[in-house]
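Student: Could you build all of it, start to finish, from the sequences and the hints given here?
Residue 318 in UniProt numbering sits at position 318 of the sequence shown; the count goes up by one each step and never skips.
Think of the hints as simulated: they come from the structure by calculation, not from any bench. Be aware that one or more of the hints could be misleading.
[Said to hold, decoys possible] Restraint ranges, calculated between C-beta atoms of paired labels, are given here: (1) Gln173 / Glu336: 32 to 40 Å; (2) Gly93 / Arg233: 17 to 25 Å; (3) Leu281 / Gly12: 40 to 48 Å; (4) Ala36 / Gly170: 17 to 25 Å; (5) Gly170 / Thr217: 18 to 26 Å; (6) Gly369 / Ala111: 23 to 31 Å; (7) Asp50 / Lys374: 54 to 62 Å; (8) Arg64 / Glu209: 40 to 48 Å; (9) Asn45 / Arg233: 46 to 54 Å.
Beta carbons are placed, not taken as given, at the ideal position from N, Cα and C, and that holds for glycine.
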Amino acid sequence: MVGGGLGAYIGGIHRYAARLDNQFELVAGAFDVDAARGHAFAADNFIEADRSYDSFQSMVEGERNRPDRIDAVAICTPNHTHFPIAKAFIEAGIEVICEKPMTTTIEDAIALHDLAKETGRFVGVTYTYSGYPMIHEARAMVSRGDLGKIRVVQVEYPLEWMATGIELQGNQQAAWRTDPKKNGRGGSIGDIGTHAYHLAGFVTGLKAEAIAADLATFVEGRALDDNAHVMIRYEGGARGLLWSSQVAIGQSNGLRLRVFGEKGSLAWHQEAPNELVFTELFGAPKVIKRGRDDLSLETRARTRTPPGHPEGYIEAFSNLYQGFAESIRAKADGREPNASGANVPTSYDGLKGVAFVDAVVDSHEQGGGWLKPKFA
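Tutor: Okay, here's the thing in structure tokens:
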């Protein structure tokens, strides 16, 4: 692991997720830009002293030629560092698991995706919410035509945690997220809007043909957007609407997806993730619960507990790690991955996410006109 040390929320989530299915063991790391803090954290987490590194560069050199070298690295650092870290490990022949967005610029995203293809290295991107079992059930239902032709997709991701200028009050997580040099061109749209965009495309299979965006910065002095409204025209005629906000008071983690087709609709809410609501034309809403035996293979492959025993965010994140492990093993074995490794987000998903942010910011800067993302 690079980054993710003491006080880093997402690093702990990665470690929980990696351990849950016994697919990974944490054996090496460069956990902090302060090497002494990083070494102390490594010792507390039972990492051998010779595999606790001062920097990602020394970690690459230290692991490159070891007979027991690491199989993969998890990158849990601020956005602007993802590209150089991922590039260095890929060039050393090591598989990569990277936080989103994959990079802060479209040029770096293209270069990283091309490097992964050229070298054959696996690059997984942690679009967490595609790990939920009922999201895979929604994807299966759309794919087999239960909703008919898709007409409308609405997705939103509102949060309240940055409703005030907490980045000016010492909150480091907010500080780098509001710094264009570290977070990239998009604020809320890059931090959480990319999750919403990926989720909508993952479930529906639709590709964006054009987007039109309106960004706002409500907290005075903030350098990046903290609210975004995006209209999406999908290939095939469907229409989409995406809202992301870091200033929506009363919303803890309100990721929500609704998909409307000719024959029916689906609704899913991240704060009640074990249920999917399906409504057929002229029919009553039907609640589909996680854990049933008649759900799709891809859904059941990501389900751990029986109905009524809720699963949530850690399990969804672990489903990604389980899928990454299966994808890496399948690649090494020269075979197709099983159901747990199907449809995991990879470097092209990361590239699409960065292209989406670029298109959104460009559209806003040009007065909200329609633009085509470079990759969809």
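Student: For every hint, state whether the structure bears it out.
Tutor: Hint check:
Taking the beta carbon of each, Gln173 and Glu336 are about 39 Å apart, inside 32 to 40 Å as hinted. Judged by the Cβ atoms, the range 17 to 25 Å given for Gly93 and Arg233 is violated: they are separated by roughly 41 Å. Here the CB-CB span from Leu281 to Gly12 is close to 45 Å, well matched to the stated 40 to 48 Å. Taking 17 to 25 Å as the suggested C-beta distance range, the pair Ala36 and Gly170 conforms, at roughly 21 Å.
Range check, Gly170 to Thr217: about 20 Å between beta-carbon atoms, so the 18 to 26 Å window is met. A hinted range of 23 to 31 Å holds for the C-beta pair Gly369 and Ala111, which are about 28 Å apart. Checked against the hint of 54 to 62 Å, the C-beta distance between Asp50 and Lys374 comes to roughly 44 Å, which is inconsistent with it. For the pair Arg64 and Glu209, the beta carbons lie near 43 Å from each other, so the given range of 40 to 48 Å is met.
Roughly 47 Å separates the CB atoms of Asn45 and Arg233, a value that falls within the hinted 46 to 54 Å.
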